[in-house]
Amino acid sequence: MTTNIELAPGVMLRVLPADKFKTACFSINFLREHNKDSAGLDALLPSVLLRATEKYPDIQSISMRLDELYGATFGTLVRRKGDVKLTGFFADFIEDAFLPEGETVFDQMVDFAKEVLLHPYLENGCFCERFVEGEKQNLINAIDSALNDKRTYAVHQMLKVMCKDEAYGVPRLGYSEDVRQITAQVLWEHYLDVLKTSKVEIFYAGRQSAKVVAEAFAPLFCREKAEFVSVQTKVIAEVKEQKELSEAMDITQGKLVIGLRSGITAQHEDYAALMLLNAVYGAGMTSKLFNNVREKLSVCYYASSSIDKYNGTMVISSGIAFENYELAKKAILDELEACKRGEISENEIESARGQVLSALKMTMDAPTRLDDYYIGMALTDCVDIPELMEQIAALTIDQLAQAAQKLTLDTIFFLKGVEA
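Letter 38 of the sequence shown, counting from 1, is numbered 36 in the numbering used here, and no numbers are missing.
Keep in mind that a hint or two might mislead.
BS3-like, lysine-lysine: derived pairs with alpha carbons at most 25 Å apart [unchecked claim]: (1) K359 <-> K158; (2) K328 <-> K238; (3) K294 <-> K209; (4) K307 <-> K404; (5) K162 <-> K327; (6) K18 <-> K209; (7) K162 <-> K307; (8) K162 <-> K232; (9) K327 <-> K414; (10) K34 <-> K194; (11) K241 <-> K294; (12) K359 <-> K162; (13) K327 <-> K238; (14) K20 <-> K158; (15) K148 <-> K328; (16) K338 <-> K294; (17) K34 <-> K148; (18) K414 <-> K162; (19) K307 <-> K338; (20) K338 <-> K238; (21) K414 <-> K404; (22) K158 <-> K238; (23) K241 <-> K112; (24) K209 <-> K148; (25) K18 <-> K359; (26) K232 <-> K34; (27) K112 <-> K209; (28) K158 <-> K53; (29) K209 <-> K20; (30) K359 <-> K307; (31) K404 <-> K238; (32) K241 <-> K404; (33) K338 <-> K414; (34) K327 <-> K294; (35) K294 <-> K158; (36) K20 <-> K112; (37) K327 <-> K241; (38) K327 <-> K148; (39) K232 <-> K158; (40) K53 <-> K112.
To be clear, the hints were calculated from the coordinates, so they are not data collected in a lab.
Working from the sequences, and respecting the hints, build out all of it.
Written out as structure tokens, the structure reads:
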């Protein structure tokens, strides 16, 4: 369990005792409303901050400093959880217990984070235009690269339709055309607003006590009053209108993407059941989509499902031959209907259960995954990992069927060939 300490209004520290790793980690996260206007700014800001600081004016000096700290890593974070954007930094560094006597890294890593966050390299009172332009191009390349992957593009297009009035329909990194319009001055003003109005979540996992960690991080945030803006995810369970659409592109393999809504989020009593159901239905090589739709019927090159625990959506992604559109769509949805009827074998549920429990155990054994999970707990009132594992272990087929019955079809999107 974590120890939670409010360092300042809107600034929460979560400390997880962890003595089984040789490294400790922490992340600093600014919580913002994810929307089209600020998506590119939020994605760009951490990279510009880490490009140079007052004390370390170039990438080389930053790299040298991290090398001095026994090869510590310090990277940018741009995460989207539901309708909330989390931007900031993640640090991973050797525990002081494994250093020569008298040596310490933890305090120096916090000082480095403070330097990056609060003492950026400036020219004429704002960010260096040359650095901003360089990081803009890197971000544009990342956005374009993701969309050049047709599987990713198809999911993006489906979500844009399914969630057209929701922040969830906006890509995590924003749009390249919006990034191109960002200037150094605009980004600087956004930075000042982020520091002033964002809720902040800090996560630490390691051997330091909560008191020591709190004393180290408190000077980074000296807010005297609450000016932060609260953000939360819109959860929609009811589907008012089912949508089916297609787009033609010069491709050789069709991409069929299906979006559903359940209204079941991580704080819902049925979340564990939805999580296990997803594994039975479409996550992994023991799932119904893999064994029945891909292997037995051979109507898909691949087919898998995933859920979002923050807004209760499920996305099914598949690659198909153009002529198999109707067959694949029917086969995929038929397997979901089978789950709703409780047509799940003992082998299917036990294989899925083992898969999910194994994944949760891996989360407990990886600092980066622990960070992601516990930061997620800050956004939704979900249970701790051990309790979630207990819930998974006790689930029955009937409970999975009940969770499946709450899934409602929302949008079907087909990326097809030009001649299809």
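Each hint tested on the structure:
A hinted pair counts as satisfied when its Cα atoms are at most 25 Å apart, and K359 with K158 does not qualify at roughly 34 Å. Note on K328 and K238: the hinted pairing holds, with a Cα-Cα distance of about 21 Å set against a maximum of 25 Å. This hinted pair does not check out: K294 and K209 have alpha carbons roughly 57 Å apart, beyond 25 Å. For the given pair, K307 sits about 14 Å from K404 by alpha-carbon distance, which is consistent with the 25 Å threshold.
Restraint check: the Cα-Cα separation between K162 and K327 comes to about 23 Å, which is no more than 25 Å; the hinted pair holds. Between the alpha carbons of K18 and K209 the distance comes to roughly 20 Å, so the proposed pair stays at or under 25 Å and holds. A hinted pair counts as satisfied when its Cα atoms are at most 25 Å apart, and K162 with K307 qualifies at roughly 19 Å. A distance of roughly 12 Å separates the Cα atoms of K162 and K232; the hinted pair therefore holds under the 25 Å criterion.
Restraint check for K327 and K414: satisfied, since their Cα atoms lie roughly 14 Å apart, inside the 25 Å limit. Restraint check: the Cα-Cα separation between K34 and K194 comes to about 21 Å, which is no more than 25 Å; the hinted pair holds. About 28 Å separates the Cα atoms of K241 and K294, which puts this hinted pair outside 25 Å; it is violated. Straight-line distance between C-alpha atoms of K359 and K162 comes to about 36 Å, which puts the hinted pair past the 25 Å bound.
In summary, the hint linking K327 to K238 is supported, as the alpha carbons are separated by about 21 Å, within the 25 Å threshold. Restraint check: the Cα-Cα separation between K20 and K158 comes to about 43 Å, which exceeds 25 Å; the hinted pair is violated. With a CA separation close to 22 Å, the supplied pair K148 and K328 stays within the 25 Å bound. Simply put, K338 and K294 have alpha-carbon atoms about 21 Å apart, close enough for the 25 Å limit, and the pair holds.
About 22 Å separates the Cα atoms of K34 and K148, which keeps this hinted pair within 25 Å; it holds. About 22 Å separates the Cα atoms of K414 and K162, which keeps this hinted pair within 25 Å; it holds. With a CA separation close to 20 Å, the supplied pair K307 and K338 stays within the 25 Å bound. Under the criterion of a C-alpha separation no larger than 25 Å, the hint pairing K338 with K238 is consistent with the structure, at around 21 Å.
Proximity of K414 to K404 is assessed by CA-CA distance (about 30 Å); at most 25 Å being required, the pair is judged violated. Taken as a hint, the K158 and K238 pair is honoured in the structure, with Cα atoms around 16 Å apart against an allowance of 25 Å. The straight-line distance between the Cα atoms of K241 and K112 is roughly 48 Å, outside the 25 Å bound, and the hint therefore fails. Straight-line distance between C-alpha atoms of K209 and K148 comes to about 48 Å, which puts the hinted pair past the 25 Å bound.
The suggested pairing of K18 with K359 holds, with an alpha-carbon distance near 14 Å, which does not exceed 25 Å. Pair hint K232 plus K34 holds up; C-alpha atoms about 16 Å apart against a cutoff of 25 Å. Distance hint between K112 and K209 is fulfilled; the C-alpha atoms sit about 19 Å from each other, no more than 25 Å. Restraint check for K158 and K53: the C-alpha separation of about 42 Å exceeds 25 Å, so the hint is violated.
For the hint pairing K209 with K20, the CA-to-CA distance comes to about 21 Å; that is within 25 Å, so the pair holds. The straight-line distance between the Cα atoms of K359 and K307 is roughly 18 Å, inside the 25 Å bound, and the hint therefore holds. Under the criterion of a C-alpha separation no larger than 25 Å, the hint pairing K404 with K238 is consistent with the structure, at around 15 Å. Annotation: proposed proximity of K241 to K404 holds, straight-line Cα distance about 18 Å (limit 25 Å).
The suggested pairing of K338 with K414 is violated, with an alpha-carbon distance near 30 Å, which exceeds 25 Å. Restraint check for K327 and K294: satisfied, since their Cα atoms lie roughly 15 Å apart, inside the 25 Å limit. For the hint linking K294 to K158, the alpha-carbon distance of about 32 Å lies beyond 25 Å, and the restraint is violated. A C-alpha spacing of about 24 Å is found between K20 and K112, which places the hinted pair at or below 25 Å, so the restraint holds.
In summary, the hint linking K327 to K241 is supported, as the alpha carbons are separated by about 14 Å, within the 25 Å threshold. For the given pair, K327 sits about 18 Å from K148 by alpha-carbon distance, which is consistent with the 25 Å threshold. Between K232 and K158 the alpha-carbon distance is near 15 Å, which keeps this suggested pair within the 25 Å criterion. Among the hinted pairs, K53 with K112 is consistent with the structure: their alpha-carbon atoms are about 11 Å apart, no more than 25 Å.
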